[in-house]
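If you read the protein sequences in the order shown, they are chains A and B.
Under our numbering, the first residue of the first sequence carries the number 44, and numbering increases by one thereafter.
Under our numbering, the first residue of the second sequence carries the number 1244, and numbering increases by one thereafter.
For the record, the hints were derived by calculation from the structure and aren't laboratory data.
A portion of the hints provided could be inaccurate.
As the list claims (entries may be wrong) - Here are the simulated lysine to aspartate or glutamate pairs, DMTMM-like style, with alpha carbons at most 20 Å apart:
1) K45(A) x D1492(B)
2) K1278(B) x D1462(B)
3) K1489(B) x D46(A)
4) K1253(B) x D1471(B)
5) K1489(B) x E53(A)
6) K222(A) x E156(A)
As the list claims (entries may be wrong) - Calculated Cβ distances over 10 Å to all of chain B for the following chain A residues:
7) Q101
8) T173
9) V271
Even glycine gets a Cβ: it sits at the ideal position worked out from N, Cα and C.
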Amino acid sequence: MKDHTVRRFEDELNELKATVLSMGGMVEKAVRRSMKALLEHDPKRARKVIERDDKINQLERDIDQMTRNILALRQPAASDLRFIISTIKIVTDLERTGDMAEGIAEAMLKSQETPLTHLESLEELALKATAQLKKALDCFARGDVLLALSIIENEKSINGMFQRIQRENLTYMLEDHRKISAGLMAYSIGKNLERIGDHAVNIAEMVIYMVQGHDVRHIDHETASALVTSNIES
Amino acid sequence: MDTEMQTKMKIRDLKLWYGDFEALHGINLDVYSDKVTAFIGPSGCGKSTFLRCMNRMNDRIASCRIEGQMLLEGSDIYAPEVDVVQLRTHVGMVFQKPNPFPKSIYENVAYAPRIHGLVTDGPDMDELVETSLKKASIWNEVKDKLQQPGTALSGGQQQRLCIARTIAVQPDVILMDEPCSALDPIATAKIEELMDELKNDYTIVIVTHNMQQAARVSDYTAYFYLGDLMEFGETQQIFTAPTHQKTEDYITGRFG
Chain A
44 MKDHTVRRFE
54 DELNELKATV
64 LSMGGMVEKA
74 VRRSMKALLE
84 HDPKRARKVI
94 ERDDKINQLE
104 RDIDQMTRNI
114 LALRQPAASD
124 LRFIISTIKI
134 VTDLERTGDM
144 AEGIAEAMLK
154 SQETPLTHLE
164 SLEELALKAT
174 AQLKKALDCF
184 ARGDVLLALS
194 IIENEKSING
204 MFQRIQRENL
214 TYMLEDHRKI
224 SAGLMAYSIG
234 KNLERIGDHA
244 VNIAEMVIYM
254 VQGHDVRHID
264 HETASALVTS
274 NIES
Chain B
1244 MDTEMQTKMK
1254 IRDLKLWYGD
1264 FEALHGINLD
1274 VYSDKVTAFI
1284 GPSGCGKSTF
1294 LRCMNRMNDR
1304 IASCRIEGQM
1314 LLEGSDIYAP
1324 EVDVVQLRTH
1334 VGMVFQKPNP
1344 FPKSIYENVA
1354 YAPRIHGLVT
1364 DGPDMDELVE
1374 TSLKKASIWN
1384 EVKDKLQQPG
1394 TALSGGQQQR
1404 LCIARTIAVQ
1414 PDVILMDEPC
1424 SALDPIATAK
1434 IEELMDELKN
1444 DYTIVIVTHN
1454 MQQAARVSDY
1464 TAYFYLGDLM
1474 EFGETQQIFT
1484 APTHQKTEDY
1494 ITGRFG
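With the hints as extra help, turn the sequences into a complete structure.
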């Protein structure tokens, strides 16, 4: 696509995108770190994740300020408008994802008193969720709608994994009521990871809107897929 | 698109030449009744030329030649039997620069209905002048000075007076060629508000260089580029997700 005639506007849009991506990078790191802290029993790392969430929150505020300025001063239209709207929504998903990582880090600190079991399942889910998040950031960076579709498709398998973790933990808690607090904690970590996957899907949906103008939220995957691919072929 | 939509003007394969230069390359467009349609595009794209074809303003240009169909409610306005003066009572025009007659406010509105024999002077004419000025949202500002010259009004008031003058002959279509480009933001807002009211009774076509204005006032937008109609669609679609890259480049400011 050609650059804007007004260079300053072009610069503002580029700066906004770069800031969203760097926020995305921080969030991704927070998720990985929180899981690493959990799996390696590393409270120091967990505390770092909690501390750094402030920086993520600050970026959310910065980005919101940038989008407000662009809306008020540049009156963006068409693809620029879709980019701004997507950014406003994506930033919320990223900030929440940061909170999920913080939640995992907090759970890790608490779990020092009640050691968790079934960590393999959580690790497996974490790998999937972080892969989804990474892909979501990539598809935003590149405007890759096919990658976005694959993220939406993968949501089912993440949900399936989380349900398995729920079942495992329920059985575990039923066997021995002393294990209830550990079980609940594992459940809550699993829930956070599943939510991270959901946020990645939200981001992917907004990328499709940003690139093609199609709103694929709350419609079945086949319809969404047909919409997106028909636009690519034409 | 709304299936109830009625077409006021139907244009088919309209071509226009100035001498050897083909300025419009076969335009196809439906202008819907009681809607505002905006024509946008860079200078020289043909949007004003096309607007002027809609009430045969180009007839006066000797080197101008037109082919194709321009139908107003099914009848070709370029048919040999059409009386251009009559046509312009059906398709009125408001220009960029407010151009009231050098007469009183009253006479500005009364002149056309009188010469077309629509209304005779007296109470009927008084009523027509009043309703026209009311419809153009200027009655309250001028009711106490109807005998003062129209040219003494402010620019924005003059433009609304010109709209009242256009309305007085009860047209079907009102063409507006950059009607706000000489007005300040408040006068512009008044005209835009007026357009929103007028579209209940009239079909409006507006040419504007101000894309935000097109976005604000129109229901449909047509993007012209180098004598072609590149894209036509609902305004909200054109401004959020245009289909053509050229439209996209223009409305996002990536042009040239």
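Results for each hint:
1. K45(A) x D1492(B): holds, 7 Å
2. K1278(B) x D1462(B): holds, 6 Å
3. K1489(B) x D46(A): Since the Cα atoms of K1489(B) and D46(A) sit roughly 13 Å apart, the hinted pair holds (cutoff 20 Å).
4. K1253(B) x D1471(B): Measuring from Cα to Cα gives roughly 16 Å; hence the hint holds.
5. K1489(B) x E53(A): holds, 18 Å
6. K222(A) x E156(A): Since the Cα atoms of K222(A) and E156(A) sit roughly 12 Å apart, the hinted pair holds (cutoff 20 Å).
7. Q101: holds, 30 Å
8. T173: With a cut-off of 10 Å, T173(A) remains clear of chain B, as the shortest Cβ separation is near 32 Å.
9. V271: holds, 13 Å
In summary, this structure violates none of the numbered hints.
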